[in-house]
Amino acid sequence: MPDRVVDTHMRFWDLATGWYPGMADYARSVATPELASDFGPDDYQQAVGSFPVDKLLHISAALTPRSYLDELRWAVKLADEHHLDMRYIGCVDATMSPAEIVADLNAQQAMTSGFAGIRVVYDFEPDSPAVHTVLSWLTEHDVVFDLVTQPDEMADWIRVLERFPDLTVSLVHTGFPTADNDDAHAEWLEAVQLCARETRASCKVSGLSMTTNTFEPTALRRWIEPAIETFGWDRVMFGSNFPIHRIAGTYQELQAGFDAVIGDATADEQDQFYARNAIEVYGFEP
Numbered sequence: 001m002p003d004r005v006v007d008t009h010m011r012f013w014d015l016a017t018g019w020y021p022g023m024a025d026y027a028r029s030v031a032t033p034e035l036a037s038d039f040g041p042d043d044y045q046q047a048v049g050s051f052p053v054d055k056l057l058h059i060s061a062a063l064t065p066r067s068y069l070d071e072l073r074w075a076v077k078l079a080d081e082h083h084l085d086m087r088y089i090g091c092v093d094a095t096m097s098p099a100e101i102v103a104d105l106n107a108q109q110a111m112t113s114g115f116a117g118i119r120v121v122y123d124f125e126p127d128s129p130a131v132h133t134v135l136s137w138l139t140e141h142d143v144v145f146d147l148v149t150q151p152d153e154m155a156d157w158i159r160v161l162e163r164f165p166d167l168t169v170s171l172v173h174t175g176f177p178t179a180d181n182d183d184a185h186a187e188w189l190e191a192v193q194l195c196a197r198e199t200r201a202s203c204k205v206s207g208l209s210m211t212t213n214t215f216e217p218t219a220l221r222r223w224i225e226p227a228i229e230t231f232g233w234d235r236v237m238f239g240s241n242f243p244i245h246r247i248a249g250t251y252q253e254l255q256a257g258f259d260a261v262i263g264d265a266t267a268d269e270q271d272q273f274y275a276r277n278a279i280e281v282y283g284f285e286p
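Position one of the sequence shown corresponds to residue 1 (UniProt numbering), numbered consecutively onward.
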């Protein structure tokens, strides 16, 4: 077990807010009814157990229009109340005008000194008008772009990122492999190798249960080992993707799966993977 852990991909949610429409339907579709319940700091700590997570990166998951603003205020308040060492990845509505996007980015940064960057999932194709606005703002303010892309769009995103050489980029969910078969694996590997070669991006080794549907070590190994080999120990970071990853099992099962794959790495390599790289990339205090 590592001595310290930064979880670079997790979130809390309060379903009574209405920020996460469709969660009950999604929970039924993946046969994980517990997803349709609130998930707060106490729930997270119970899930983590003895795994030494001491820093958290909260990822916006709000889906209703501009509710990411209210969600961030709520998450900051929770972290203060529970004395959590937490930083935040926010969001923007990419369909808004450039001025509106910049206003919302400024508003999120003004809410907390822990604002660490932005992730945009919808309406944010590489050639979309909002991309230049968002990436320019992130570069100017020296915060992180959490890149959400699947393998078939990786080359397009790399062409965009070439125009922002000073931007700090973190590839989300191990590059989002699309399926757990040999063809999908080969396409994914080509994409992440291109990303590692052509950019300075780090890679969050997270989200894999959405492909594997299990934390069984053999299933995880075929993705984790190539990701680390491709990016190197100094450019990979651990992320749990909880509570979503409850679709595959418990946090302890997730941790055990990772340990089976990288538990024989040196103490320094594990510290890079579980903590040190994330502290540097996302601006945590050491």
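Because the hints were derived from the structure by calculation, they are not lab data.
Do not take every clue at face value.
Said to hold, decoys possible - Computed beta-carbon distance windows for the label pairs: (1) R73 with E225: 39 to 47 angstroms; (2) G18 with D234: 36 to 44 angstroms; (3) P52 with P126: 31 to 39 angstroms.
Computed from a predicted model, the values in this text were never measured in an experiment.
Ideal Cβ positions, reconstructed from N, Cα and C, are used throughout, including at glycine.
Hints the structure violates: just list their numbers, smallest first.
No hint contradicted; all consistent.
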